[in-house]
Amino acid sequence: MTGDPISPLLRASNLAAGFGTPLFRGVNLSLAPGDCALLCGPNGSGKTTLLRTLAGLQSPVEGSVEGSAILVPTRIPKVRGFSLEDFLRSSCFHESGPWGHLSADSLRAIDEALDRLGIRYLAGRDLASLSDGQFQKACIATALVRRAAVLLLDEPTAFLDVDARLEVLRTLRSLAEGRRLAILFSSHDLHEATREATRILALSPSGVLLEGPDAPAACFHNLR
Amino acid sequence: MYALKRENAYRWLLPVLLAVLALLDLLLGGRTLSFREALAALSGGGSPAAGQILWHIRAPRMLAAILAGAGLALSGAQLQAVFRNPLADPHIMGVSAGAGTAAALATLLGGGTLLGNFAAGLPVAIAAFLGAVAATAVIVAVAARHSGATLLLFGVMLGFVFSALTSVLAYLASEERLKLFYSWSAGSFSGLSGSGLLLVALALAAAFLLALLNGKGLDILLFGDDYAAATGAPAGRIRTLALLSCCLVTGAVTAFCGPLGFVGIAAPHIVRWLTGSSVHRRVLPASLLTGAILCLAADLLSQCFPVPLPAGSTLALLGIPILLIILKTRYDR
Numbered sequence: 002m003t004g005d006p007i008s009p010l011l012r013a014s015n016l017a018a019g020f021g022t023p024l025f026r027g028v029n030l031s032l033a034p035g036d037c038a039l040l041c042g043p044n045g046s047g048k049t050t051l052l053r054t055l056a057g058l059q060s061p062v063e064g065s066v067e068g069s070a071i072l073v074p075t076r077i078p079k080v081r082g083f084s085l086e087d088f089l090r091s092s093c094f095h096e097s098g099p100w101g102h103l104s105a106d107s108l109r110a111i112d113e114a115l116d117r118l119g120i121r122y123l124a125g126r127d128l129a130s131l132s133d134g135q136f137q138k139a140c141i142a143t144a145l146v147r148r149a150a151v152l153l154l155d156e157p158t159a160f161l162d163v164d165a166r167l168e169v170l171r172t173l174r175s176l177a178e179g180r181r182l183a184i185l186f187s188s189h190d191l192h193e194a195t196r197e198a199t200r201i202l203a204l205s206p207s208g209v210l211l212e213g214p215d216a217p218a219a220c221f222h223n224l225r
Numbered sequence: 266m267y268a269l270k271r272e273n274a275y276r277w278l279l280p281v282l283l284a285v286l287a288l289l290d291l292l293l294g295g296r297t298l299s300f301r302e303a304l305a306a307l308s309g310g311g312s313p314a315a316g317q318i319l320w321h322i323r324a325p326r327m328l329a330a331i332l333a334g335a336g337l338a339l340s341g342a343q344l345q346a347v348f349r350n351p352l353a354d355p356h357i358m359g360v361s362a363g364a365g366t367a368a369a370l371a372t373l374l375g376g377g378t379l380l381g382n383f384a385a386g387l388p389v390a391i392a393a394f395l396g397a398v399a400a401t402a403v404i405v406a407v408a409a410r411h412s413g414a415t416l417l418l419f420g421v422m423l424g425f426v427f428s429a430l431t432s433v434l435a436y437l438a439s440e441e442r443l444k445l446f447y448s449w450s451a452g453s454f455s456g457l458s459g460s461g462l463l464l465v466a467l468a469l470a471a472a473f474l475l476a477l478l479n480g481k482g483l484d485i486l487l488f489g490d491d492y493a494a495a496t497g498a499p500a501g502r503i504r505t506l507a508l509l510s511c512c513l514v515t516g517a518v519t520a521f522c523g524p525l526g527f528v529g530i531a532a533p534h535i536v537r538w539l540t541g542s543s544v545h546r547r548v549l550p551a552s553l554l555t556g557a558i559l560c561l562a563a564d565l566l567s568q569c570f571p572v573p574l575p576a577g578s579t580l581a582l583l584g585i586p587i588l589l590i591i592l593k594t595r596y597d598r
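If you read the protein sequences in the order shown, they are chains A and B. Residues in the first sequence are numbered from 2 upward in steps of one, following this note's numbering. Residues in the second sequence are numbered from 266 upward in steps of one, following this note's numbering.
Because the hints were derived from the structure by calculation, they are not lab data. Note that the Cβ used here is the ideal one computed from N, Cα and C, for glycine as well. Treat the hints with care, as some may be off.
With a straight-line cut-off of 25 Å between C-alpha atoms, the simulated DMTMM-like cross-links for lysine to aspartate or glutamate are [stated by the list, open to error]: (1) A:Lys-79 - A:Glu-212; (2) A:Lys-79 - A:Glu-113; (3) B:Lys-593 - A:Asp-127; (4) A:Lys-79 - B:Asp-491; (5) A:Lys-79 - B:Asp-490; (6) A:Lys-79 - A:Asp-116.
Using C-beta positions, here's what the derived DEER-type ranges look like [claimed, not checked]: (7) A:Ser-14 - B:Arg-410: 49 to 55 Å; (8) A:Pro-99 - B:Pro-586: 37 to 43 Å; (9) A:Ser-8 - B:Val-426: 56 to 62 Å; (10) B:Ala-414 - A:Glu-212: 22 to 28 Å; (11) B:Leu-278 - A:Arg-126: 50 to 56 Å; (12) B:Leu-589 - A:Ala-124: 32 to 38 Å; (13) A:His-192 - B:Gly-501: 36 to 42 Å; (14) A:Thr-195 - B:Asn-273: 46 to 52 Å; (15) A:Ala-219 - B:Ala-414: 26 to 32 Å; (16) B:Ser-432 - A:Arg-148: 56 to 62 Å; (17) B:Gly-459 - A:Ala-124: 33 to 39 Å; (18) B:Ser-578 - A:Val-163: 39 to 45 Å; (19) B:Leu-592 - A:Arg-12: 50 to 56 Å.
Build out the structure end to end from the sequences listed, making use of the hints.
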C-alpha cells in the first residue's frame, strides 16, 4: 500500500502555483513513507495553495506532481445529526454505490481507521457533541478510510487547546511511523509542531521553499 | 438508548399518522357532508351525491395535499443542504415566485381559469411550471460560480424581483382576473383533478428518485465545498441535480396548488428533530411523509371554518408554533 520504503510516495518538481501571479516558484519536494513534515510560513505565503496543488485540487502554473495525496481541509463544520460513523461513511463518495451503500472493503477501512485513531468509542456519537480535538481526529480518519498513502493537512491544530494540539500532533507522528504514511501538515503552532515533526519546511514570503531546523527563522522576522 | 428508540419510532409513526390524517381528511374535510354521510359513502353506501362529494372533491383534494406537501418538503430538504442554510426553501429561493409571476402573466393577460377543470387550468399550470424552470435556471447558472450565503442572497433577491413583477401585473389586471389570481396565490389543494394529480405524482416520483440518487452528495455538501473537493465529490454537479429535482416538483406543485410557503422549511427541521439525524438517506423519505402530514393537517384545519380558509394560511398558522418549539429545543442546547 505504501510502496517501496525508499522511493518517495509524492514528488513535486519545479512547482509554481497560485491565482494569476504564482505565490511560489521552483518548489522541489519529496515525501517518503514515515515522513511527518511540518509546513510553516507567514499568512499568504501559499501554504494552502501548495497543499491543494500537491493534492491535485489545483493545477500548477509550472512543474509537476507525481503520486497521489489526500488533503484534509481546515474548518470542516461539525454538522449536527451526523454520527462519527455517518461522517466516515460520507467521505467514501466514490467508493460507495449510488444509494450510498459501502463495500465490505470500505467498511473494513472505517473499522481500521476508528481503531488506528483510538476513536472507536465515539463512533455512535453526534459530531456536534465531539470536542475539537476528537473532531480533528475524525477528519484525519476520513483520509485513512480512503486508504491515503500521503496525507496532507491544512492547519490541523488551528483552534485547538494545548492538550488537543499535542494529542493531534502525536497522532500524526504515530500514524506516519506506524503505518509508513507520508504526512505533510501546515501549522502556525511552531513550538509544538517542530518537536513532533520529522522534517521542517518553510515557505518564505518571496515564494521559496526552505527545509531544515533553521527554515522557520528565515521566514519569520521575530524568530531571528 | 433514547435516541435509538426515537430513531426507530419515526419509521412507523409517520406512515401511521399520514394514514390517519388522510382518512380524517376524507371523513371530516368540509361542511357539505356530515361525518356519518362521509363514512357511509366511504364504505360503499350513502347517497350518490355523498359519493360524488367524497370521491370527486374530497379524495382529489386529500391526494393533492399529500403530493404537494411531500414535494415541497423534498425540495426544502435538498435546498437546505445545497445552501447549507436552515432557512432555504423553494418559497424563499424565488422558485415559487418565478412560478407565480408566470402564472400571473397567464391568468391576468388572457390565460385560462385555475378554478375550473384541468383542461381550463392547464395554460396557467404550464406557465407556472415554466416560471419555476426559468427561476431555477438562473439559480443553477449562479450556483456554478457561487455557493452558500451568496447564492442564497441571490435567490432571495430573485424572489423579490419576481414578486415585484407579479405586483405590476396584478396592478394592471381587471378586478375579475385579479380575484382569480389571488385565489391561486393564496394556495389551495382544490384545483387538482385526475390528470393534474397524475402529472404532479410523476414529477414527485422523478424528483424523489433524483434526490435519493443524489443523497450521498447532499451529505457531502453539508461539510463544505473544500471537504467535497477533498473527497472527490463534484459539488457543482450535486448542486445542479438537487436544483433540478426541486424545480421539477416545485414547478408542478406550484402550478396547480399555488405558492405554498412554510412546509418546505418546516418539514426537514421536524424530521431532523424527530430522527436525530441529518443524513439524507433518512431525511429525504421522512421529509416526504412529514410534508404530506403537515399539508393534510393544514387542509383539515382550513375546512373547519364556515368558509374554507386558504391552505397557505392554515399551513403557516399550524406549523410556525411547531417549528419554533423545535428550533428552541434543538438549537438552544
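Outcome of the hint check:
As the CA atoms of A:Lys-79 and A:Glu-212 are separated by approximately 34 Å, the hinted pair breaks the 25 Å bound. Annotation: proposed proximity of A:Lys-79 to A:Glu-113 holds, straight-line Cα distance about 22 Å (limit 25 Å). With a C-alpha separation of about 19 Å, the suggested pair B:Lys-593 and A:Asp-127 falls inside the 25 Å cut-off, and the hint holds. Pair hint A:Lys-79 plus B:Asp-491 holds up; C-alpha atoms about 14 Å apart against a cutoff of 25 Å.
About 14 Å separates the Cα atoms of A:Lys-79 and B:Asp-490, which keeps this hinted pair within 25 Å; it holds. This hinted pair checks out: A:Lys-79 and A:Asp-116 have alpha carbons roughly 21 Å apart, not beyond 25 Å. Range check, A:Ser-14 to B:Arg-410: about 32 Å between beta-carbon atoms, so the 49 to 55 Å window is missed. Between A:Pro-99 and B:Pro-586 the beta carbons are some 39 Å apart, a value that agrees with the proposed interval 37 to 43 Å.
Judged by the Cβ atoms, the range 56 to 62 Å given for A:Ser-8 and B:Val-426 holds: they are separated by roughly 59 Å. Range check, B:Ala-414 to A:Glu-212: Cβ separation about 40 Å, and the 22 to 28 Å hint is violated. The hint said 50 to 56 Å for the Cβ distance between B:Leu-278 and A:Arg-126, and at roughly 25 Å that hint is violated. For the hinted restraint 32 to 38 Å between B:Leu-589 and A:Ala-124, the CB-CB distance of approximately 33 Å keeps it satisfied.
At roughly 41 Å, the beta-carbon separation of A:His-192 and B:Gly-501 lies within the given 36 to 42 Å, and the hint holds. Distance hint check: the CB atoms of A:Thr-195 and B:Asn-273 are about 50 Å apart, consistent with the given range 46 to 52 Å. Checked against the given bound of 26 to 32 Å, the beta carbons of A:Ala-219 and B:Ala-414, roughly 39 Å apart, lie outside it. B:Ser-432 and A:Arg-148 have their C-beta atoms about 58 Å apart, which keeps the hinted 56 to 62 Å range intact.
For the pair B:Gly-459 and A:Ala-124, the beta carbons lie near 50 Å from each other, so the given range of 33 to 39 Å is not met. Checked against the given bound of 39 to 45 Å, the beta carbons of B:Ser-578 and A:Val-163, roughly 56 Å apart, lie outside it. For the pair B:Leu-592 and A:Arg-12, the supplied restraint of 50 to 56 Å holds, since their beta-carbon distance comes to about 52 Å.
Consistency with the previously given hints fails for numbers 1, 7, 10, 11, 15, 17 and 18, ordered from lowest to highest.
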